[in-house]
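Work from the hints to combine the two standalone chains into their complex.
Same order as they appear, the protein sequences are chains P and U. Numbering that gives the first Met the number 0 applies: residue 0 is where the first sequence begins, and numbers increase by one. Numbering that gives the first Met the number 0 applies: residue 0 is where the second sequence begins, and numbers increase by one.
By construction, these hints were calculated from the structure, which means they are not laboratory data. Treat the hints with care, as some may be off.
[Stated by the list, open to error] Distance windows between CB atoms, simulated: (1) U:SER62 <-> P:GLN88: 43 to 49 Å; (2) U:ARG134 <-> P:THR260: 44 to 50 Å; (3) U:GLU25 <-> P:ILE182: 30 to 36 Å.
[Unchecked claim] Below, in silico cross-link-like pairs of lysine-lysine (DSSO-like), each with a Cα-Cα straight-line distance of 27 Å or less: (4) P:LYS248 <-> P:LYS228; (5) P:LYS41 <-> P:LYS53; (6) P:LYS73 <-> P:LYS53; (7) P:LYS66 <-> P:LYS44; (8) P:LYS228 <-> U:LYS32; (9) P:LYS228 <-> U:LYS34.
We treat Cβ as the ideally placed atom computed from N, Cα and C, and that holds for glycine.
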Amino acid sequence: MFAYTLRRILMVIPVLLGMSLVVFFMIRAIPGNPAQVILGQKATKEAVEALTHKLGLDQPWYVQYVKYLGGLLKGDLGESIRTGTSVSQEIWPYLAATLELSIAAMLIAIVIGVNAGIISAWFQNSWFDYTAMILALVGVSMPIFWLGLMEQWVFAIHLDWLPTSGREEVRNPIEPITHLYLIDTLLQGNTEQFMQVLQHLILPSIALATIPMAIIARITRSSMLEVMKSDYIRTARAKGLSMFWVVYKHSLKNAIIPVLTVIGLQTGLLLGGAILTETIFSWPGIGRYIYEAIGYRDYPVIQSGILVVATIFIFINLVVDLLYAAVDPRIKYN
Amino acid sequence: MAELARNQAPIPVKPDKEESVSLWKEGWRSFKKNKIALVGAAIVLFFILLAVFAPLLAPYEISEQNLSERLQAPSKEHLFGTDDFGRDILSRVIYGARISLWVGFFSVLGSVVVGSLLGIVAGYYGKWIDAIISRIFDIMLAFPSILLAIGIVAVLGPSLQNALIAIAVINIPNFGRLIRSRVLSIKQEEYIVAARAIGMSDARILFHHILPNSMAPIIVQGTLAIATAIIEAAALGFLGLGAQPPNPEWGTMLASSKDFLTQAPWTMVFPGLAIMLTVLGFNLMGDGLRDALDPRMKS
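So here's chain U without its partners, still in its complex pose (with noise of 0.2 Å):
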């Protein structure tokens, strides 16, 4: 009776555990099959590894200018030629992959935390809280989002702190509505009302139990999300309203070379090749993830 007792006492706690190492494992598991989704993770690590080694890798100073060699045609010394102050375009390239993922990463942190905490707050405390919240919410993304985020730059001033800021605001009502459906269905389960009954304080029932059930769906969001702030801060950049010159970013220099177009389209081919290769890498390794982690979003 006793051996019984000792077997059965771990059961409530040991599966719970295993359930969650496997739901991560399995969704590893089937990320691993999906060719095209790990294509998109191997363009988003080329790019990482770009950034970070951009001191090793970038054959010139970013910010030597070279007038005598302006405007050069791709060639052996400048494998993507020069642009009209004479700066090596690949060089520039490499670095501007520096800012487009540091933009791109810490603005989607910035949504995620400010969004995940509206989310949660509107979806577990519900009532006037929630009402508040989901209008604010509707009220935001009621507005085309660029449009918005030209707003919030043209009040704060050009800057590419400012355009992280703006990018940060527009995407914070996606990850609200996303956590505060999932707190809705969560908060329902029979543990969060277990947890309740035994008088666990609601910072850790939100904490512990709701946010980390949450994590699949942020991560999924998350990596398209910054597919999309890639985009909006080259966007931003190319309207002279993000990063300023002569700072590499992909956006920038797009700016700069439309006067060049007819005698040096390189200055506009490059930048936007390295945008377009970066954001199809996260779109196509999102997809993946959410097939992998939520199979219930599958398209």
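Isolated chain P, as found in the complex (with noise of 0.2 Å):
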């Protein structure tokens, strides 16, 4: 297990290393001179050639590499165009705000989703293993875009019961700490903002749960069925043992291998889908911090917000493949 740990890990510099290089290209792979297309036609040639420099651009391409390379090693993401601040020093706010809703939506797919799979799975071919089934279908084909404006329009607008948009009272701001808000306002011990930041995080978690939350309902019924199809369990079932004792006990531990995968792949869909849920509720994630920068040509703020969010998500591969063999310990690594 050490040994396969050690590899997997390993493994993932290459991987790194290739991402940063893709990064890296990508200004460069902007049609003409990127410092003209960042400031604009009507920029005067003494600024192109200013911010040529500034960014290194008119250095050999692999002089620029690996220079951009050893200020990633010591943290330095680059200099936000617009901002003119450190894009290291700016992205935790945004990272932070992007986590809680990301570890929000995730929870609901997770404990929505893989109760809704062993639901299904036990009462199969019931009224309930049909609408779960059904409703997973159609949360798999949903564009999250469009489910997160119904939300607002249904629950925000029409029925008023939570906040359109944001992520805080604007006339009751958060002191951020932590900047994940829930953690923050309990550390002031402050119930009622907390319970505010509940409120703002519900109908974006939700829109963002849904994908996630289907494709696992819709995997731990067919790996539930499998598993509740073998002798161990059918024993368990005969000997008179109570539906939460063979679910919990016995097939979810052995049926939740295709799930762990699947969650961590969806973690991927997820911070994507970030960028639109953040876009549709204004909230100040990484999402919604590349997208402005889009708009603004901030293209140091670009690359370095993508890097930071396909690092995590090769981070979070990395636990979900090393839990595989914790999980179960047929699993043998070569």
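This is the structure in structure tokens:
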């Protein structure tokens, strides 16, 4: 297990290097002079030359890449053209907002998805099974940006139950500590603000959770059906063990492997989907940070934002891979 | 004896042909029995017909503005209502099918062609070529796909054509990996070893034997990929990075509906419904095709 863990961690290095190359060449792939594109057609020749020099575009690409990589290793993600601030300094609040949203969405997706899958499998071909699987089919095909708008229309505008957008009440701003607002408000013991943050989180996290939830429910169902056909489960049921015991003690542990794979894969979808959800709900996360940077042609922010999200994705998949072995001792790695 | 020889002669060729015909026939038979897949195929056919006959079916011109009729609720005159320029939403949704299907189909075609070529080369030649191509696929798959598409469009500039290119690029590794694994298993088969032994060229083996034998999984994956491509194109359109107004692309229409949620929710309901139904159709059809053509992939 130790050798596998070490090899799996080492395998991440070439992928990270490759990713840094892709992101590095992104700005260099802009048709024409990137500095001119960033500053616009009306920019003076001096300004273009100054930006070209600042971005290091007047040097050979391999020199630029080595410098870029050296900077990344020191945690330097470049400087935002729009704000003039270091990206590594200003990125955390955005990243924290996305993490809070993604974690909430993933929790909803796992709790509802896994349980819906289990109940569907246990009561196979029942009305619950049919309803849950039809909903899951529709959920997989749902454009989340449309679902987000529908949620806003029904729950925020029509019923007025929840806030339309944002992360906090503008009139009652939160004093950030970790920038994860649920934690911050708890640390400050401010229940009123905690509830406000929770209310703001509900609609975007449900929109973001829909597709992973549908996929997790489908996979859990088929995986559980397979496990429940096995002799030891039949024996457990014949012995008269309660449903709860059979499902959660015996079946789930063996059915969880494919579910874990899907959860790992869905994280990428979730991080990508966060961009769309954040745009609809004006959620100040990294997706919105990148999206706004596109409007200002702020390429260092676009590059670093994409790189940071992709790196998180890689590490989540690494953790999921390592979890397989912990959950299922039958898995042996060569 | 001579009669026996005559009877035996065609044996090596005939079963091969019959087998390949029966695979597709068998697949079609099994697909026809799958009611959910047929519903999916019917939805897809419906949207294809909408796209083809859009000029005949659309009750109004898509760019016909009538400001005195702006943001009107659904009525007999305008079944889906009108948008902020007084344009008929039904007509725009019908024409939108053309754009979405066009982007979905051609982006996937691009991914299939490039992905298959790279996958075939990697799987067939192996060694360092395989190592390089496989690492490129790994790196591309390391990015959340929509994020990579956004990055590509940010570089190329926002337009429908660039969105199509971006969607094609991000799907290349999925097809490349699929074909590579098929090639790896097929190239060990006896008939490929035999073809090589009689001196058949690599190109002939690849394009006459290996590629045709990989068609079933390509079709299955391709159908499901069209569904994803349609959502991705709409997402880029929604973010203002794909089709640009006044193009009646469904994602772009949703983006403009954002400002009128309170006054005119119908401007948001119908384009979204169209995206969801088309995607659902391709997903159901793709699942059915997978069960029919490749029983090993059955979930």
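Here is how each hint holds up against the structure:
For the pair SER62 (chain U) and GLN88 (chain P), the beta carbons lie near 47 Å from each other, so the given range of 43 to 49 Å is met. Distance hint check: the CB atoms of ARG134 (chain U) and THR260 (chain P) are about 22 Å apart, inconsistent with the given range 44 to 50 Å. A C-beta distance of roughly 57 Å is found between GLU25 (chain U) and ILE182 (chain P), which places it outside the suggested range of 30 to 36 Å. At most 27 Å may separate the alpha-carbon atoms for a hinted pair to count; LYS248 (chain P) and LYS228 (chain P) meet this at roughly 16 Å.
Straight-line distance between C-alpha atoms of LYS41 (chain P) and LYS53 (chain P) comes to about 19 Å, which keeps the hinted pair within the 27 Å bound. Proposed proximity of LYS73 (chain P) and LYS53 (chain P) is supported: the alpha carbons are some 19 Å apart, at most 27 Å. Simply put, LYS66 (chain P) and LYS44 (chain P) have alpha-carbon atoms about 25 Å apart, close enough for the 27 Å limit, and the pair holds. Of the pairs offered as hints, the one joining LYS228 (chain P) and LYS32 (chain U) holds, with about 26 Å between alpha carbons and a cut-off of 27 Å not exceeded.
About 26 Å separates the Cα atoms of LYS228 (chain P) and LYS34 (chain U), which keeps this hinted pair within 27 Å; it holds.
The structure is inconsistent with the numbered hints 2, 3, although it conforms to all the rest.
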